[in-house]
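**Student:** Chains as they are written, first to last, in our numbering: chain A, 67 to 456; chain B, 46 to 401; chain C, 4 to 45.
Note that these hints are calculated values from the structure, not bench results.
Positions of the beta carbon are idealized from the N, C-alpha and C atoms, including for glycine.
Check each hint, because a few of them may be wrong.
What the hints assert, rightly or not - So, partial list: chain A residues that the calculated Cβ filter (under 7 Å) puts toward chain C: (1) 193; (2) 194; (3) 238.
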Amino acid sequence: MTSPQTTTGPGRLLTPFNLVAGIIVVFGMIITILRFTGGLASVTNLSDDNPWGLWIGFDLLVGVALAAGGYVTSAAVYIFGLKRFHAAVRPAILTGFLGYALVVLALHYDVGRPWRLPYPFVVSAGTTSLLFEVAACVALYLTVLFIEFSPAALEWLGLKRARHLVTRLTLVLTILGVVLSTLHQSSLGALFLIVPAKLHPLWYTPYLPIYFFITSTIAGLSMVICESALSHRYFHGKMDAAHLSGNRDLTLGFGKAASWVLLGYFVIKVIGIAADNQWHYLGTGFGAWYLVELLGFVALPAFMYAVGVREKNITIIRWTAAWTVLGIVVNRFNVCLVAFNWHLPAEQRYFPHWMEIGISVFIVTLGILVFRFIVTRMPILHAHPDYDAH
Amino acid sequence: MSISRRKFLGWMGGASLVAAGARKAHAAANRSFEGYAGSLAVLHDITRCIGCRRCEAGCNAVNELPQPEKPFDDLTVLEKRRRTSAPAYTVVNRFAPAGDGQPPVFVKKQCNHCLEPACASACFVKAFTKTPQGAVIYNPNVCVGCRYCMIACPFEIPAYEYDKALDPRVTKCTLCHPRILEGKLPGCVEACPTEALVFGPRDELIRMARDRMRAHPGRYLDHIYGEHEMGGTSWLYLSGQPFETLGMREDLGTAPAGQLTSGALGAVPMVVGLWPVLLTGIWAITQRKEKIAAHEQAQAVAAARAETEAQAEVRLKTALEKAAKENAAAVAREVKKALETAKTAPQGESDTEKKS
Amino acid sequence: MDNIHTLQEFMLHTKNIIYILILLALAAFPLFWRFLNGRDKE
Ligand code: SF4
Ligand code: SF4
Ligand code: SF4
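Please work from the sequences and hints to get the whole structure.
**Tutor:** And the structure:
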């Protein structure tokens, strides 16, 4: 299997990347065993005061937000008619699908009795809960993403008839995907509407669901830019002419969109403070941190994206995209972990156990490995020779 | 807790703050709910509590909970502030009031059995139920273990069996619901030696609390904790010290949990109803634009072609005309030639032809 | 309506119905769209 000319391909097994990934996977397996034999207490720092930790804050909230590229891209191409970004749809759908699949996998670690995850739909529906809404949409959307992704797999397997059937559903699936994404992205924020007493007033606002939805589109746009940059770098050989030439156009177009949406988000964030008259909190320690989020991770990237787009500077746009993604992580962490339980004394606050971080890293690594497996085999970054691009 | 925060929460409560006098929960429409008539509750008179921990022992016994490390008559545990946990549905805490020489104050903590429980509102498998008798009970047979109920509870009550790998439960005080159904007193109430806990219909307990306030001027603050907090609770408290100094939050507002989420839940069907309309509309418009663009392009092509065709026709026509002229000339030439040949032919031949 | 005493019960009852209506709506949209455009050429 060792062929000298393919240095980045799947040909060589003992690359540094594979070595690190292998170690992470082994560790992940060990922690998994601990989790399902010793309970959450043996691998997490969760407590009665802090029932949600990293696996909800990162794996669920950040995971779902960063997997928004699927609906953003397919909506842009199929609904808004931006056909020139067509080449970006498949990678975005694939990462979206993998993202959601991993979110669901991570939830199996977090909840007490994972085999009961279908209970809300088949045994006892708690429809007053925002979590019911989230669960229903995530389950449905995972299915939608699977079907949207399936043409690539079907082409790979050579099942032309089935592929033809699925592609006829494209528009319906795209619209359903946007509806479901709007709902659960916003509902993830709405989960915290029930805790005005526990979430810091700067982050608690009735606008939470709207903020979460808007940031999901920002996350989606920025992730597509990052992913295209990374694919360009690591899977160059797998990309056909359409994908290679469209890359620059995509980065500029999505960068412009992200800048504009970030500006809107900045405006409604400021209005949110005004609406609840929380200005005086800006002078506190939490207020300073809030300003870091607002200015450093919203206003700054909006500006930097704009500079990148004006200068047609792909490098600036890509770095801004990475910074924006980090900003989404910061925002979700703030809502779920940092500003949550802010009223508790420091010794009752939560900080993740290293094994919690281990599982999160393990799950992200799994995602990268599966992504690599798929793009090196299926027509994701290039069109299948038997089918035209549209 | 600053005043503005309280104000903020009041605003969150919106309409309910205006109607704070009535124990009513409002939905989005102009409906209100009175709760179950005659439901049972417990009044905890903090001024009577001596911190003996007998209620804890009683609760432990009737619920068959594991024995704690230190026995219940060991009062040194009061040195640290505790919260409810998986092995302890109720805990008593000691607070030192401001000012010298004041005796310590003891407060019992357990699930408050809200009239509109946040835990029930948050649970996505309906594991919590507010019973007509007053208790908020938990059903471990459907619980998934997501712990959203623990996030949601404003009183920080539900605990979780983190050390169980496969069948962890959420745990909290049951108001001794099984005992209530049997007509017995809750275990803690029965164990209390000073009647700091009184069990009875909630409405009557509120009246009793007011009577005590009237009968002992200066002993109590004019606040029955739990009458309106988060829509009201089935565990009521009387105190001589501000509740805030006793680890009980006074900034919770009066809006019940359901009211906090009803806006977001109400938006869900609106998105489902309108997004497909809007998105299909946008799609149809872009489609149509593309079609028009394509049509215009086709027209332009057709026009261009027509022009070239017309030009070609003209050219063809001239060519044909030219050809026709040439043809005619050729014919004329041929005829002329033929005639000339005919002339030069011998005369007689034609004559003979005529004759025959 | 007699058995509804709390906001929680009211919301449970109404949301149960609404979620069923949502499913019906999601099915109805594509079908009606086809009906609406059924006589268009092409
Ligand atoms: S106090 Fe907490 S656990 Fe008890 S009923 Fe209210 S919300 Fe539920
Ligand atoms: S942990 Fe159990 S009881 Fe609590 S919200 Fe989740 S499913 Fe419901
Ligand atoms: S009512 Fe029952 S379960 Fe609740 S604290 Fe008292 S004894 Fe314990």
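**Student:** Given residue 193 (chain A) as an interface hint, is the shortest Cβ-Cβ distance to chain C below 7 Å?
**Tutor:** holds (4 Å)
**Student:** Under 7 Å, Cβ to Cβ, is where residue 194 (chain A) needs to be relative to chain C, so tell me if that hint holds or is violated.
**Tutor:** holds (5 Å)
**Student:** Report holds or violated for the interface hint on residue 238 (chain A), using the least CB-CB distance to chain C and a cut-off of 7 Å.
**Tutor:** Holds - the Cβ of residue 238 (chain A) comes within 7 Å of chain C, reaching about 5 Å at its closest.
Checked against the numbered hints given earlier, the structure satisfies every one of them.
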